[in-house]
Each structure stands twice: as C-alpha cells, then as structure tokens.
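**Student:** Mind docking chain B on chain A? Use the hints.
Listed below are the residues making up each chain.
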Amino acid sequence: MGDFIVDIIAATLRIATPLIFATLGELFCERAGILNLGIEGTMFFGAFSGFTAASLSGSLWVGVLTALVGGMLSGWLMSLLSVRLGVNQHVSGLGITLLMTALALFGFRVIFGESRVLPSITPFSQLSIFPNSPVLGEIFSQYTLTYIAIALIPIVWWVVFRTNFGLNLRSVGDNPEATDAAGINVYRLRTIALVIGGALMGVGGAFLSVAQLGSFTFGIVAGRGWVCIALIIFANWHPVKVLWGALLFGSVQALQSRLQLTGIKLPYELFMALPYVVTILALTLAGRNASYPAALLKPYKRE
Amino acid sequence: MLAVEMKNIYKSFGPVKANQDVNFELEQGEIHALLGENGAGKTTLMRILYGLYKADSGEIFIDGEKVAIHSPKEAIAAGVGMVTQHFTLVPPLTVAENVVLGYTNGIVLSQKEIEKNVAAASEKYGVQVNPSALVKDLSVGERQRVEILKALYRNARILIMDEPTAVLVPQEVDVLFEALNRLVKSGLSVIFISHKLVEVMAVCDRITVLRDGKVANTVKKTETSQVELAKMMVGRETFGVRLQDACATSDPIYELSGITLDGKHEKKILEDVSFCVGTGEILGIAGVSGNGQGELTEVLTGLVPPSKGSIKLEGKDITHLSPGQISEAGVGRTPQDRHQGTIGELTVAENLALEHIKDYTNKGLLDRKKIREDAATIIKEFQIKASPGDQLRKLSGGNMQKVVLARALSRKPKVLIASQPTRGLDVGATEYVRKRLLDERAHGTAVILLSEDLDEVLALSDRIAVIYEGRIMGVVPSAEATPEKIGLLMAGAVE
Numbered sequence: 015m016g017d018f019i020v021d022i023i024a025a026t027l028r029i030a031t032p033l034i035f036a037t038l039g040e041l042f043c044e045r046a047g048i049l050n051l052g053i054e055g056t057m058f059f060g061a062f063s064g065f066t067a068a069s070l071s072g073s074l075w076v077g078v079l080t081a082l083v084g085g086m087l088s089g090w091l092m093s094l095l096s097v098r099l100g101v102n103q104h105v106s107g108l109g110i111t112l113l114m115t116a117l118a119l120f121g122f123r124v125i126f127g128e129s130r131v132l133p134s135i136t137p138f139s140q141l142s143i144f145p146n147s148p149v150l151g152e153i154f155s156q157y158t159l160t161y162i163a164i165a166l167i168p169i170v171w172w173v174v175f176r177t178n179f180g181l182n183l184r185s186v187g188d189n190p191e192a193t194d195a196a197g198i199n200v201y202r203l204r205t206i207a208l209v210i211g212g213a214l215m216g217v218g219g220a221f222l223s224v225a226q227l228g229s230f231t232f233g234i235v236a237g238r239g240w241v242c243i244a245l246i247i248f249a250n251w252h253p254v255k256v257l258w259g260a261l262l263f264g265s266v267q268a269l270q271s272r273l274q275l276t277g278i279k280l281p282y283e284l285f286m287a288l289p290y291v292v293t294i295l296a297l298t299l300a301g302r303n304a305s306y307p308a309a310l311l312k313p314y315k316r317e
Numbered sequence: 007m008l009a010v011e012m013k014n015i016y017k018s019f020g021p022v023k024a025n026q027d028v029n030f031e032l033e034q035g036e037i038h039a040l041l042g043e044n045g046a047g048k049t050t051l052m053r054i055l056y057g058l059y060k061a062d063s064g065e066i067f068i069d070g071e072k073v074a075i076h077s078p079k080e081a082i083a084a085g086v087g088m089v090t091q092h093f094t095l096v097p098p099l100t101v102a103e104n105v106v107l108g109y110t111n112g113i114v115l116s117q118k119e120i121e122k123n124v125a126a127a128s129e130k131y132g133v134q135v136n137p138s139a140l141v142k143d144l145s146v147g148e149r150q151r152v153e154i155l156k157a158l159y160r161n162a163r164i165l166i167m168d169e170p171t172a173v174l175v176p177q178e179v180d181v182l183f184e185a186l187n188r189l190v191k192s193g194l195s196v197i198f199i200s201h202k203l204v205e206v207m208a209v210c211d212r213i214t215v216l217r218d219g220k221v222a223n224t225v226k227k228t229e230t231s232q233v234e235l236a237k238m239m240v241g242r243e244t245f246g247v248r249l250q251d252a253c254a255t256s257d258p259i260y261e262l263s264g265i266t267l268d269g270k271h272e273k274k275i276l277e278d279v280s281f282c283v284g285t286g287e288i289l290g291i292a293g294v295s296g297n298g299q300g301e302l303t304e305v306l307t308g309l310v311p312p313s314k315g316s317i318k319l320e321g322k323d324i325t326h327l328s329p330g331q332i333s334e335a336g337v338g339r340t341p342q343d344r345h346q347g348t349i350g351e352l353t354v355a356e357n358l359a360l361e362h363i364k365d366y367t368n369k370g371l372l373d374r375k376k377i378r379e380d381a382a383t384i385i386k387e388f389q390i391k392a393s394p395g396d397q398l399r400k401l402s403g404g405n406m407q408k409v410v411l412a413r414a415l416s417r418k419p420k421v422l423i424a425s426q427p428t429r430g431l432d433v434g435a436t437e438y439v440r441k442r443l444l445d446e447r448a449h450g451t452a453v454i455l456l457s458e459d460l461d462e463v464l465a466l467s468d469r470i471a472v473i474y475e476g477r478i479m480g481v482v483p484s485a486e487a488t489p490e491k492i493g494l495l496m497a498g499a500v501e
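Quick mapping for you: the protein sequence lines, in order, are chains A and B.
To get our numbering, take the position in the first sequence, counting from 1, and add 14.
To get our numbering, take the position in the second sequence, counting from 1, and add 6.
Excised from the complex, chain B in its bound form:
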C-alpha cells in the first residue's frame, strides 16, 4: 500500500503555475526525493500535503484513503509531519516544552513528566536530544532533531523534510542521514526535498524530478545517475544566443582570493572563494539561489567585510575599504535588489547623484542645477522613460533598473558587479540591460555577472563560475559549458 498518493495536483499563484498535473507516490518505508531547481514546485507540492496551501484541484490519498487536509493540524492528525528550513521552535523554551507545545492535555504542566516523555520518545526513535536544554542554546543540527522529534511525538508516519541539509555542516548531515535510515527501518516514510544530487543519490530510494511545476520523471536510485538527474532537472538541450568572439584580453584586473565569510552558526556562508576577472571579460556566476550569491555581492561591494581573504583591484588591496571608497576606486555595482540601492521617495535625479553626492556638493550645499543637468544627460543616454524630477518609486521596474545601471555605468567603472540585473524585468528591459553589459565588455570593463538565470549567464559570459553552498565548484569557459556540466556543478555533484 502507498503511504501517500497525490493525483493530478494543480496549484497556481496568480499567473504562476506552481504545480501542473503533478502525480506523486510515496511508498511505505522509503526515502523519496523531490528534486528540482528553485521554483520547480517542490515546496508548493509538499505545502499542499501539509495543509499550508490548498490545491486548486487534485486528490490526496494517505494509506489508501482519500483525505482532505485544510490545515497543518489536520495533516498531523493524518500522520504527516513536516520539518521546514525555518524551524518553528520557541528559543527560550526547553526542548521538552517545544516538543509538547500544543499537544498537551489538562491544565497543569509537569516539567518532570514532559521531560520524561520526551526522553522516552528520544530513546524510542533514536533521535538524540536533551529534554531539559533550552532551544536557544542548541546548534542548528540539534534544533533540527528537536523538530524531527516533534513530528514523531505527534505520531507522524510520513515525514516531509524541506531542504534539511541547507543549514547543516557536513558532520551534522551524516548524523541526519543515519537517523533517517534508522527511522525508515522502523516504518517511517520520508519525503526529502532537495536540489543537491549528491545527497539525493546518497540517501534516497526513489527520486521524483520536478521541472517548471511538472513531473519530469520518477526513477529508482539504482537505475539512474547524477548526470541523468541533472539533465532531467535542468531540462534544456540548447541555450539561446551566445557570445561569438572570445575574450579580448586576459589581464586580470580584479582578483578575489580566499574570500571566506563566517555565518551566525558553525556553517560558513562563503568558503575560500577565489577568481579573477580580466578587462573586457564577463565572468558569470551561476548557482541555485541561496548558495551565497547575495552575500558574495555584499562582500564585493563592501557592505559586509569578509572574515578572511582579499580583494585586489589592479593589484591594490581594496578588501577593507568602505562601500563609498570601493565605488570611488572604480568598482561599479548594481545591487541585487534594486530597491536596496535606491530611495523611492527621492527623485530620479537625486537617486542618480546619491552615490557621488560629494561631487555635487559645494560648500556644504547641494548643487541642484548640476544634479538636474547631469541627470538629464544620463536619462537621454540610457533611454530612461522618466524626467529628472520624477519620484523614483513611480517608475516601472525596468526603468528603475536602468537608473541603477546608469548610475554605475556613468562613472565609467573599471569593474562592474551586476547582481541579478534582469530579475523581474520584462523582455524588452531585459534585452536592453544585457546589451548594455555586452557594450561594457566591448569597452574593456571587467564584468561580474551574478545571476540565477542560467540562460542569461550562458548567453553573456566568457567564463562561468558555479557557486554552491558558498564555494566555487568550478570555472568553465563558455565554449565548454554544457547543460549537464553546469547543472551538475549547480547541484553540487562531484565528478
């Protein structure tokens, strides 16, 4: 009998079709991976099973019986537990209190009794926790065990783990996998959401690959390979337009060596990131979102100092300069969120002047005329559909992005850090931004393009570096970049 069967599940969020005709089967006592890129619909499907979302249509069967789940409470009652990336724990409470929260009877709370019960459950399921410890004192791995125990304590027979290893250090991953294998032997069925091929191949029995909200395939681990899975996950045979000519020069102008950024917990956010970019070269940085791209952008632009490592511009160390000094030294940037680099309440002209306000200051007063004139010139040059006095927040996303880009490029930077430059833009604006980046390359600017859009990275870059869990997995010249190769690297596969 199947533990879970989901049939013809459809779910849309406005125009976005998150799940389309998804069929999913979980067998009793197996670990079943849901594999896919960001936005493939893995988490949506599982949130439907856990009662956090309601499917537009489709049926769910648990242990062969048709069920209608409207809330997590009903999911728990049906034997489904879910451990999400964001733990639902209350830090100042003890482990035992967290485990029994919402699952107690009567009026009196006996600390002794709940600690005894939780210790017994911990023993029974082989999930090690200290019932009397405060959750706020625990490591991430320990907190995750508390979450798992919480689900098991509520008699979960089906456990959904949403990217459980994203927050763990390697040793904790091993502990988790051991625990899961043990639990499965005692009858638990596990759904393991992941985009990491190595893990999926290590711990799962079967794999369902989702792509763009649809099931690409369901395969047995023994009958597939990492390469095949990567192909299913990425699902592209060809990429769009490519750069024709090779990189003009290879003088490294901008060099990163050993950049490391410690995280709040044990896990490093960036680890030993090294690469260099030459004049007239675009280095694309590809990766599934949340693998350190945001933090890398912040380090490159000086917002966050790295814990270790150095950044050199034309041989000069600029690692510990302030964002203003870095920009002054010739590093232009477009922030990964355009709202982060602009002030909506100010005018277009003011936003354009914002990063170089010193140049527009005369004896402590703003030279408003110069701000306006320069803005008019830039607006014309970059074809921004706005006038200098317009409030920035009234602009469309594409025009706002043009303002951000224009501000960086009008300073004629030696290096341009373009982080997610086309995210959320329509086709026309996207084309424009990409063309500008290629123009910059032709003028000899070194461009670092951080993007989650693989097509974009492949179309524009001379070389592609793939980032995974804060590490550069490899740098591939664009001529050698095949979907399999990049897909494998993005999913953290080791060759």
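Pulled out of the complex, with its shape left as it was, chain A reads as follows:
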C-alpha cells in the first residue's frame, strides 16, 4: 500500500508538469485580458518542434529551447490577431489552435516522412534528488523540467505581484483604459504577455515529447490545453493555486490509471473520465467565487 501511494505521488508530479507550464502561460495571457484558446495548438506545436529539434540536433535541451521559441511565435501570432487587430478572442484562439496543430502535423510529415516505425529519441532521464531514501527517492526521481515547473510557481508569483511589469499586467487585464491613461502601452504589454505565455505553453508541450514519451504522436496533447483553461479559473488566476489545481488533476489521473489495473469490473472509460469529472466538480465549486480579470475577452481600442 505504501508503495502504491508513493508511486501515485511520483506519477502525480509527472502528470502535473505540462499542466503547470501551460496554465502559468495562460495566466500571463488572461491576466493581461486575453483568453488564449490557442493553448492546445501551442502545446501541440511545442511537442512537435521540441521533438523535431531534439531529434535533428541530438540535444534534448535544444529541443526544449526550440519549443519555447515556437510557443513565443504562436503567442505573437495570437497577439497580432487579438491585440493589434482586435479580433474576437474565441475565434482567434481557436484559429491559432487549428493553425498550429496543422503546421505541426504538416511539418512532421515533411521532416520524417511516412515511416512505418514511429520516429523516436532517447528522452530525458529522471533525476533523483534523494537517492538514498526509499520514499523521497522515488517521489523525487523526476525530470529536470518537473523541478523547473515547480520552481516557476514562486517565480511567476513574484513577477506578477512584486514587479512593475506585474503591476502593469494586472492593470491591463482589468482596466486597459486606466492603464493607457497612466501612459503604459496597452498593445505592447499585452503582446509581451502573450509571447511569455506562449513560451510556457510550448515548453509544456515539449515535456510530453522530449521527456515523457520520447516520440511525437498525433494524440500527444489530448486536450491538456483545455484542461489548463479550466485550471486557470480553478486557480482564480493565482500562481500558487495553479500548482494545487495541477496536482489535483494529476493525482486523479494517476489514480485512475492504476485503478484500471486493479481488476475492478467496470468499463475502463469510466476510469478515464474520472479526472475530467473531478475537474468539472472542482471548477463548479471554485468557479463560483472566481474573480475574472474585468477586461478579459474585450479587445482594446483607443477612443
């Protein structure tokens, strides 16, 4: 039983990693007043570009960096549509998701061709911080990216609440008119937020391909981006609560995949649905008190 729990905790952290990256990315976007539904496609493109660059260069970190840049590009495209041109954010976000998904699929075909064997790389290996402790050793035997994700939580908190950039970010998402009147360039600020957000989403996607799987498949992201959209509301746009949300989802996910193996006579689809059911429940409970950034979804146009 002890082993079972330790195993679940370790898996939870692993599953939570891409969610933490991408949700923090979404946090930057939404704090600036932009709902970035491009998240799913950006993660997918991150997974693709990360894998491809790692495969071609032979360096996994080059892969991560490429995914980061790819994500920035996706965020910048989103800013072009939703910030500069003031296009409806639902439409532009879904458009970005479709575009980035298609680009990734197309790129993958062009670069790797139609091979019968799935191209693969040797992924990151796990790093054990406490090699001598049986319990902590297993829990903290994780990918470097997982440690980075957890370290990002306080860093993002600090950026949002303790820097001038963060102050401007929080203002622009709530009252862009006031922010503009204070002499801050609303368009530039929102663009920067989207680019940072995209970078984090890209890395979140790359974690799946260069760390967890070592390959790139069409179903690699599997709706994790949409889960992040729910998580950010659950977290009430607060970095620390992003961690709790991601861990909650991760733990249920870890639990359900192990419950499937216990031989309980239930259709396995029920288990697979569990994390999403929990997400909906948690969102219903937490979402009632959600205080949305007031300018979310509203394109800003100067009078």
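Take these hints with a grain of salt, some might be off.
Claimed, not checked - Distance windows between CB atoms, simulated:
| hint | chain 1 | residue 1 | chain 2 | residue 2 | range |
| --- | --- | --- | --- | --- | --- |
| 1 | A | ILE169 | B | PRO21 | 53 to 63 angstroms |
| 2 | B | VAL181 | A | LEU112 | 40 to 50 angstroms |
| 3 | B | ALA335 | A | LEU94 | 49 to 59 angstroms |
| 4 | A | ILE169 | B | LYS142 | 21 to 31 angstroms |
| 5 | B | LEU8 | A | GLY301 | 20 to 30 angstroms |
| 6 | B | ASP180 | A | LEU112 | 40 to 50 angstroms |
| 7 | B | ASN111 | A | ILE169 | 14 to 24 angstroms |
| 8 | B | LYS122 | A | PHE126 | 26 to 36 angstroms |
| 9 | B | LYS122 | A | ILE169 | 45 to 55 angstroms |
| 10 | B | GLY296 | A | GLY301 | 34 to 44 angstroms |
| 11 | B | GLN91 | A | GLY197 | 18 to 28 angstroms |
| 12 | B | GLU387 | A | HIS104 | 18 to 28 angstroms |
| 13 | B | VAL181 | A | THR298 | 38 to 48 angstroms |
| 14 | A | GLY197 | B | GLY296 | 52 to 62 angstroms |
Because the hints were derived from the structure by calculation, they are not lab data.
The structure displayed is predicted, hence computed values, not measured ones.
Even for Gly, the Cβ is constructed at its ideal location relative to N, Cα and C.
**Tutor:** Positioned in the frame of chain A, the structure of chain B alone reads:
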C-alpha cells in the same frame, strides 16, 4: 503669471462646432469654474488641454510657455492632471498600486516602499487615503481622492476636475471642497467643470461661462449672481411658440408619490419624486441630461422597480406591475432611445405588433394577416414612409420614431410617457411628433414629456417640472416659466 492660457481654440467634430474661438485663462492658485449646459463645450476644451483631443487651431500656454500637448502623458509632464467622471482606477489593485501605476522605475515593485511614498504624499497634500486598501472596497468619494492624489503624485500643478460632484453625496462634496481649498492655498490651480450654480458660487474664484461652444463671459464670483450666471448659461431671451389655451381639466389621472430609486453607491438616483398629471395636460420634465430622466422613464414604464414610493393610475396602484401590465393598464410610452424599444431586424409590421403580441396570437400561432392589415392602417394614419414588410432598421430616424409613437398611440393610452421624443430628428419629423403630442392632449390624454430640449418643454407643456440630481426642484406653470427661473432650477440653484 497665468497658469494656463488657451487662445482662440477651435474644435469641430464633423459638422458640430464644439469649441469656437474659445479664450480661457487660469490664474495661479485660483479655482476657476467652467460653467455651461450639456454640450456647451466645457469638457471638449479641457480634453484638449489634457491631450485627449487635438484642437483644430489655437494656442496653449502653460506658465507662460507655449506648449503642444499630444497625449495625456505630455500633459502630465507639463504639470496638468485631470480627474474625470469615469475614474481611471483598477479596482482589484491597492490604492498605492493605483497611484504609482505607470509612474514607477526599475523592475522590482516594493509594496512597502510605494505604500510609504503614497502615505507621505497623502500627508503632504492633505488628501486622506489608505494606501493598502483595495480600490474596489472604497466609496466613490474615496476613489475620487485616489484620483486626485494620483494627479498630485505626478506633480500636477494644474488640476482639471470634470463634474467632480456628479457622483458624490453632499457630505463628500463638502470634503472635496475643503480639500480643494487647502490645495489651492499650497499653490495648485484648479479648473472646475460644472453646470451647478450653487457649487460654482460656493467654491470658485472666477467663472467662465460657455454656451454653444463659445465663451459667453468670464466673471469674478464677487461680481455676479446665480441669476446672472443662469442667464448667461441659457442665453435665451424668448422662447418659440407657446401653448395658447390653458389646461382643459385638472383631474389628476396619473399620480407619482415619493418615488425613490437607490443607486449602486450611496447616492440616490431618484429621490422623493412626486407629481401628478391631469387629463388633457402635458407635464414637461426639464433638466440637464443625466439628472435622473432616463431612470425616471424606466421606473414609469415598469422596467425598473422603484425602491420606494407609488404610482397610481386613476387611483389604482400600478407601481409593481410588469411593463406589459402597465402598458395594458393604459400607459403608452416611447422609450428614450428608439432603438431600445424596437427590433431592427424585424419588419415595421412586426414591430408595431410587438408590444401587444397577445392580441395577434391565435392558438399559439401569429395571425400574420391581422398584423399586416393593422400595420397598413397605422402606417397610413401616421404617415410613416414605409411598407409593413420593410425591415425597421432601414427606416430613417424620423420614421422609426413615428413607428414607436404610432405603436403607443394606436392603443389609445390614457397616459403617454414621451421620453426624448424628438432627439436626433430633423425639423419636419420634430414638428410632426410635437403636433401629435398636442393632438393627444386635445383628446384628453395625460402626457408626460421628458426632454432635454428646453425649447420643446416650454413650447408644449402646461406645467414644467424641473429635475435636478434625481429630485424635482419645482413645478412651474408654463405662464410663469421664464428662462431665468427654469435655468436656475436646472442648475440646482436654491432661491
């Protein structure tokens, strides 16, 4: 030396001349009022000074030096601050964060330090705020102080206040005036935009009156009076045509007593509004826009329930009926915005039937033939230039207004609530609508005419009630209505 000098300022918005050859001088350390009716050009002039608009021509001098201001940022750099009616604050942030927003250096934001700085500024200028409070928890008066402090924190030497008392309760007005007097003593110069005579006389040193985009006069407070200012502001000697005969009957058919509507903040939107209208009488409600006319219309038509008070139609209480029931009971209305009472995508005939759809329904289905026939009759009677099947949004403003009016009048209402019935209409359509209202009066309908067009109210009404800050300042029979009297009441003067 003058703090601000604006010379020969011209500004047009399309055909509208908002400022024409305006000269304005602000002396160091004075509170100078810009007085005028809505649309007189006060706010336009100040938006030019603050860099929100660019003047078509003219010069601006600050502290004797010629300046070109293209944005609020440049205005702030030149020492000009502006507090508008719509606060530019970010509610979820703290007071200190709001004050320093856009005015910080470096990367790190130290909450302790900005709170210390803002507390020091609050102390220095005598503007009381709590730096660590969240703006969303503050009252309107407190938010306004944050705005003032924000300007002062940016070293404003010239402060523009755009109708600062419009959102305040009386006690907060006193606090504001005290603060302004204190600030002026320490060297600040203030421009105070207002249309309220009492306030202007209470707090200002000099007054510049704007009328129709031009300067009517600049006077010292000590050398003028409320009556004189009202005359300058309204600027009319005579009004156009008047009703000749007196009101036929005086049976009150429609009675309002003690109608009060609470606002979102402490301030009441409507306070103790009482009046009655008799059959065959037009009661005009005059006032500067934004003094509660819109809300009063909504209460009268049942869209918004009043917080207190009652409305009686022929002695029956109709206060809490739904809009449909009120209309059913015999109260016709034309909404203050014609687009609000119609659906542009539907046809003229459908819009005419819309309010009484029950009468056109047979076993759950619409009787389209009857809708069409009735519409044709109404269109003929009211000379609407359209056919029943035309989409409403393709009609001109005048014809659209006729549809709205026809819909109300075709039901033969006992009481008609006409809110801004001629706003935005051309001369011909305006004449038509006014004539219809007089016809209704002749047929014994009680008409309540809410209008910002003073000439219209004076020309059509048997009695005129003046609304100011949600209160009825007085009801004057049309024979006694002089420009001074109505102007004074509209500006909230107390005799």
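**Student:** State for each hint whether it applies.
**Tutor:** A quick look at each hint next to the structure:
| no. | hint | verdict |
| --- | --- | --- |
| 1 | A:ILE169 x B:PRO21: 53 to 63 angstroms | 56 angstroms, holds |
| 2 | B:VAL181 x A:LEU112: 40 to 50 angstroms | 56 angstroms, violated |
| 3 | B:ALA335 x A:LEU94: 49 to 59 angstroms | 56 angstroms, holds |
| 4 | A:ILE169 x B:LYS142: 21 to 31 angstroms | 27 angstroms, holds |
| 5 | B:LEU8 x A:GLY301: 20 to 30 angstroms | 57 angstroms, violated |
| 6 | B:ASP180 x A:LEU112: 40 to 50 angstroms | 60 angstroms, violated |
| 7 | B:ASN111 x A:ILE169: 14 to 24 angstroms | 22 angstroms, holds |
| 8 | B:LYS122 x A:PHE126: 26 to 36 angstroms | 60 angstroms, violated |
| 9 | B:LYS122 x A:ILE169: 45 to 55 angstroms | 26 angstroms, violated |
| 10 | B:GLY296 x A:GLY301: 34 to 44 angstroms | 37 angstroms, holds |
| 11 | B:GLN91 x A:GLY197: 18 to 28 angstroms | 21 angstroms, holds |
| 12 | B:GLU387 x A:HIS104: 18 to 28 angstroms | 47 angstroms, violated |
| 13 | B:VAL181 x A:THR298: 38 to 48 angstroms | 44 angstroms, holds |
| 14 | A:GLY197 x B:GLY296: 52 to 62 angstroms | 29 angstroms, violated |
When each numbered hint is compared with the structure, violations occur for hints 2, 5, 6, 8, 9, 12, 14.
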